[in-house]
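S.K.: Here is what each chain is made of, one letter per residue.
There are 6 protein chains.
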Amino acid sequence: MRPSMRKNNQMRPVSMETGVNKWAEGSCMIKMGGTVVICTASVDLNQPVWKRMQHETGGWVTAEYSMLPRANGVRKTRDAIARDHRSAEISRMIGRALRSVVDMEILGKHTITIDCDVIQADGGTRCASITGGFVALTLAVQHLLNTGRITENPIREHVAAVSAGLWNGELVLDLDYEEDCHAEMDANFVVSESGRFIEVQSTGEQHPFEKSKLLELMDMAATGAQKLIDLQNQVLA
Amino acid sequence: MRPSMRKNNQMRPVSMETGVNKWAEGSCMIKMGGTVVICTASVDLNQPVWKRMQHETGGWVTAEYSMLPRANGVRKTRDAIARDHRSAEISRMIGRALRSVVDMEILGKHTITIDCDVIQADGGTRCASITGGFVALTLAVQHLLNTGRITENPIREHVAAVSAGLWNGELVLDLDYEEDCHAEMDANFVVSESGRFIEVQSTGEQHPFEKSKLLELMDMAATGAQKLIDLQNQVLA
Amino acid sequence: MRPSMRKNNQMRPVSMETGVNKWAEGSCMIKMGGTVVICTASVDLNQPVWKRMQHETGGWVTAEYSMLPRANGVRKTRDAIARDHRSAEISRMIGRALRSVVDMEILGKHTITIDCDVIQADGGTRCASITGGFVALTLAVQHLLNTGRITENPIREHVAAVSAGLWNGELVLDLDYEEDCHAEMDANFVVSESGRFIEVQSTGEQHPFEKSKLLELMDMAATGAQKLIDLQNQVLA
Amino acid sequence: MRPSMRKNNQMRPVSMETGVNKWAEGSCMIKMGGTVVICTASVDLNQPVWKRMQHETGGWVTAEYSMLPRANGVRKTRDAIARDHRSAEISRMIGRALRSVVDMEILGKHTITIDCDVIQADGGTRCASITGGFVALTLAVQHLLNTGRITENPIREHVAAVSAGLWNGELVLDLDYEEDCHAEMDANFVVSESGRFIEVQSTGEQHPFEKSKLLELMDMAATGAQKLIDLQNQVLA
Amino acid sequence: MRPSMRKNNQMRPVSMETGVNKWAEGSCMIKMGGTVVICTASVDLNQPVWKRMQHETGGWVTAEYSMLPRANGVRKTRDAIARDHRSAEISRMIGRALRSVVDMEILGKHTITIDCDVIQADGGTRCASITGGFVALTLAVQHLLNTGRITENPIREHVAAVSAGLWNGELVLDLDYEEDCHAEMDANFVVSESGRFIEVQSTGEQHPFEKSKLLELMDMAATGAQKLIDLQNQVLA
Amino acid sequence: MRPSMRKNNQMRPVSMETGVNKWAEGSCMIKMGGTVVICTASVDLNQPVWKRMQHETGGWVTAEYSMLPRANGVRKTRDAIARDHRSAEISRMIGRALRSVVDMEILGKHTITIDCDVIQADGGTRCASITGGFVALTLAVQHLLNTGRITENPIREHVAAVSAGLWNGELVLDLDYEEDCHAEMDANFVVSESGRFIEVQSTGEQHPFEKSKLLELMDMAATGAQKLIDLQNQVLA
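Same order as they appear, the protein sequences are chains A, B, C, D, E and F.
Per this note's numbering, the very first residue in the first sequence carries number 15; after that it's consecutive.
Per this note's numbering, the very first residue in the second sequence carries number 15; after that it's consecutive.
Per this note's numbering, the very first residue in the third sequence carries number 15; after that it's consecutive.
Per this note's numbering, the very first residue in the fourth sequence carries number 15; after that it's consecutive.
Per this note's numbering, the very first residue in the fifth sequence carries number 15; after that it's consecutive.
Per this note's numbering, the very first residue in the sixth sequence carries number 15; after that it's consecutive.
Careful, some of the hints might be misleading.
The list treats identical chains as one, so a pair stands whether inside a single copy or across any two.
Here are the simulated lysine-lysine pairs, PhoX-like style, with alpha carbons at most 25 Å apart [said to hold, decoys possible]: (1) K21 - K227; (2) K65 - K90; (3) K36 - K90; (4) K227 - K241; (5) K36 - K21; (6) K45 - K21; (7) K90 - K123; (8) K45 - K241; (9) K123 - K36; (10) K241 - K21.
Please keep in mind that the hints were generated in silico from the structure rather than gathered at the bench.
Computed from a prediction, not measured in an experiment: that's the story for all the values here.
For reference, chain A alone in the conformation it holds in the complex (with noise of 0.2 Å):
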């Protein structure tokens, strides 16, 4: 039995709230179990610098991923958190993950970045800062529709990401912090609305693992990314 009294395929209670914050042009709060991130989408009116100096069209949408320094059981100082390269690790994926959902074309000479700071983090951060990150999007993208900055919606399609792993011998959806820190093996998925793959990383935490373990998280991981984009739609409807 799972720690949190949980099915292995089932989620945490998950909650997205929007207008968290007054100055973004998008925003969302949102909660997995005892995971709590703040996303705030900026924009800037102008491309990225290093697309302007090599004459690129179209517009750009970055990440960063960070905690406040007691997110955790244990203070971490602001400057390790600083210099912390799995934060980078983690920004790195944001961005590929909210880039691979949106026509930089159609966005226009805009630069969105996404910020993403773990208030609380008890397992899956960079799943969750996916997850509301892609709402805070949406509704900066709103906002640049709403002021005719743009005319057309770059955005694709939803994106959301999940965590899914082998703890105590079975194959569990969505690890929280007891669970991931004696997984065999620990994955994380970002999954599109069309339910495909748009990254798999997947790790052998204490030994090798056979390809059909790796074939069975992928159907669980779909299976909850489309609930967690269900959810998308209702706030952002």
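Guided by the hints, dock chains B, C, D, E and F onto chain A, whose structure is given.
M.R.: Chains B, C, D, E and F only, in chain A's frame:
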């Protein structure tokens, strides 16, 4: 008339919510109008390194103030936030304010770090951090008392802080961002439960000010701080 | 009796020497007792970058405060000096003080940087920096007038600063290092030639203080500052 | 047809040369087509600091990946290299891959650092680093065995890595730089001697991908990795 | 007798291999005994920024010297390498040496950066970097000539460098690491094809030295450098 | 004729004033023409950390050279000063020069740090730092002798430094800034009381130089250094 339609000596609506972080020994989210700060108190069961090296007795209380990138109207880069001297100056002020009401010998060999992270800024963030930080600190001290790490309460009295200034020729309490931008004189007051002053910082933003103006602001601030202390008592009850 | 045998309202011997740097447009070495600060004013024939980018008019005055490694009893590493938030806080205070008496429109598109490098520290270094920095600033402005870069003097009035505090139960003026270490209340006052206040910073180092104490210190500081302004006038004559 | 005239499941010519550094306990220069990486293994006769401080048992294996400034078509500054988050991400991946086949208890209180410095980059540098790094690691372990520091081999099985992807509509193995730039889907596979997977990273660069594509790539990669492991055995014999 | 059984005026075996990097406009791997340095020359089709801002004419040649972490007997961290002042000092020396034989006006508005990365260190790395760096520079200049970017060769003459010193009471040429550690006097000589000196750096490591000793070393170094220049001519032919 | 109307072998007026810092164990302000450097010697009653960790015996002498922002005609930012590799190179040179005349075993387990801060630069700052730094060092050693921390003087002989070069076709001693800018050959000589050389650094700034030129400069420098040593003896008497 003030932009917010408040009377000159009227503070914005204030709320403090405790227990907003499952990991921290003490936590408080304070809202003063549009300003929102999450304050967490983290207990380290050791003296700070510099006290140990100098063979000093007693504990320590320190504070760190920071902003999320989109706490303001314009997004600030994380690099700029990390290098920001204004934040360092405010961190030092919060630490001084909180230490002034704590008996370090009674606190014993513990270090309490108060993190004040501004989620949304709308004027008065340093004052909100002190007022909310005191609540988080008190909860962490209660945790030390409850777990038997200390047997006597080292907190001598409450502390709260409020801004005041000269705006549009009028002396006003608790400036919001819009007022702060155009204030002729800007002051921050850290006030103790006993109605005395722990810190006074007053700056003539556009021209020098008369002594009498500062005296009037001190009276106004003392009254406002007392209301904040009443609220602290309610949420800590 | 004060350690230096001074009366309560007596400042230490003060001297200011101009022309101590052959390259700088203005320079002044100020000695207040054992405190020695070299102030240089460097003129840049441009606005600061941030003014240019925001298409603002007028010039700017900024300040940087630092210490030589052995300005104090214990040597400080250069790395520690560079990272020192206290220095950054003081730099900001010096800049605010000097800007408060300069008309930026009349200064025109010039940036004047005041470097205050403490050669020897013995209390009151920030006040000495403001008082001596004003002399260096004035000389640099005279240089701009003499070379025809500007035609009107943008300096509205003199500014000087002095510390005061509660030491051994007595209100005393211009604390030296030994007094400063044991002060119960420590305050810095930036005062204009017209006898008004530009900045007041007052901290209860050991316990909160009464409003009346601050008022007495303000009177004492105003008198002391006037003497410093008299001396500024002499060395600039 | 692939730019390099290779068949879809054909890897580039591979060579590994050992003993390329007279100081390192183990070293290997691996060439995969135009990609050249120098891998050195440095033995420290201590646990890493964090293990000692947590009183943990056993040793540790860690990796650092970097590039020479002119490893690529355009020179990269050393500052940019030092700050590069992509390199940090790859360093973490190499470390995970090598640790997954080492028994840390049998390794005892030793730390082995694998430096992978890319002399010339032409696609697949992270995979080459893992494959060549394993050879350097094995030589360093043999050094520990030969000098009697340990008595049992802590390496459980070989590990190798290879890239694969969807290029021009075709599933291809071991992408070079030119193919990598235009890949529709890009994946890296870390494979164990036993034919199982240690890490799978797969990204849809231009659009989401079907589960079936990933399965085909996994099979292709497993076959390729086996050939690399055969070559590792030859050079280590 | 020298540890390497060499005669006092005998250099170690030297080799230079060109074309070791497929991307760089010029490249050379130099081996002097156990010292191995990869030198690449990267052409930027612009002046350096500081020349452009000062509206200067002509091009520039600059150099950067660094070490791989395990180039020495003890692994050095990458952080320590990046901060290493000795490397910065050597970089400046290499740049000065190479610039001294280039006519910047004839080079035109191009910047050539010579990266000297020490793969394995065994004494004399700065001298090897200058000697090998000159070959890489020459190849990059030939590239500019071949592509018609410049029409005249800006290189006036060859340059090479060699160390010499007082070891065990004997004047010896081209010290290896073991000799260098115990040298009483240590000198580096940068010599031009015309037999004159571009830079002389001589230090008494254990005690001051007589003028006459330096003179003898200069003669010895001039002869050694000539042999290196002969070899440069062979590999460039 | 030299710009300063000096004869070729004539140094600028030199003065050294001791006791310029009330905190430092030794201090000296040296003026060589327009060059002004404050040298302080700080005694740490411990070995440096690296000596302790390697269980070595004896003490250490180290030096740090820096400039105030406006020491030169153009203001330099503090960031640029902190990162300046030229300063680091000069710091290393000053340390080597001073260590060469100190017996580290007799110095015992003490570390003396010589800070050389250039208040005003007008050529020859590194030489002035060595000459003045030696005076500060000697005073700090006398302090150790006077306080009974050591019983024997570890200083073997005096050391001084002077520049010389080829300017306008003439060999000249002690170049000022104006001469230095146009020198064809620039050299620095660290000379011992016994008339021997501790360090020779000579660079052909515009073209290579003949051996004979260096020999003439060495003679000129030896004579100049002797005069500086005479002056050191006077101020230390």
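S.K.: Taking 25 Å as the upper bound on the Cα-Cα distance, should K21 and K227 be classified as within, between, both, or neither?
M.R.: Answer is within: at 18 Å inside a copy they meet the 25 Å cutoff, but 30 Å across does not.
S.K.: When Cα atoms must be at most 25 Å apart, do K45 and K241 count as within-copy, between-copy, both, or neither?
M.R.: within (14 Å within a copy, 33 Å between copies)
S.K.: For K36 and K21, with the copy left unspecified, which applies at a CA distance of at most 25 Å: within, between, both, or neither?
M.R.: Between. Shortest inter-copy distance 24 Å satisfies the 25 Å Cα cut-off; intra-copy 38 Å does not.
S.K.: Between copies, within a copy, both or neither: which fits K65 and K90 at Cα up to 25 Å?
M.R.: For K65 and K90, the Cα distance is within 25 Å only across copies (18 Å; inside one copy 35 Å).
S.K.: Is the C-alpha distance from K36 to K90 at most 25 Å within one copy, between copies, in both cases, or in neither?
M.R.: between (28 Å within a copy, 15 Å between copies)
S.K.: Are the CA atoms of K45 and K21 at most 25 Å apart within a copy, between copies, both, or neither?
M.R.: This pair counts as within: shortest intra-copy Cα distance 19 Å, inter-copy 38 Å.
S.K.: Pop the pair K90 and K123 into one bin, within, between, both or neither, using alpha-carbon distances up to 25 Å.
M.R.: Cα proximity of K90 and K123: across copies only (20 Å, versus 37 Å in one copy).
S.K.: Are the CA atoms of K227 and K241 at most 25 Å apart within a copy, between copies, both, or neither?
M.R.: Answer is both: 22 Å inside a copy and 24 Å across each meet the 25 Å cutoff.
S.K.: For K123 vs K36, is the C-alpha pair at or below 25 Å within one copy, between two copies, both, or neither?
M.R.: within (24 Å within a copy, 36 Å between copies)
S.K.: Regarding K241 and K21, is the shortest C-alpha distance of 25 Å or less found within a copy, between copies, in both, or in neither?
M.R.: within (16 Å within a copy, 41 Å between copies)
Of the numbered hints given earlier, the model fails none.
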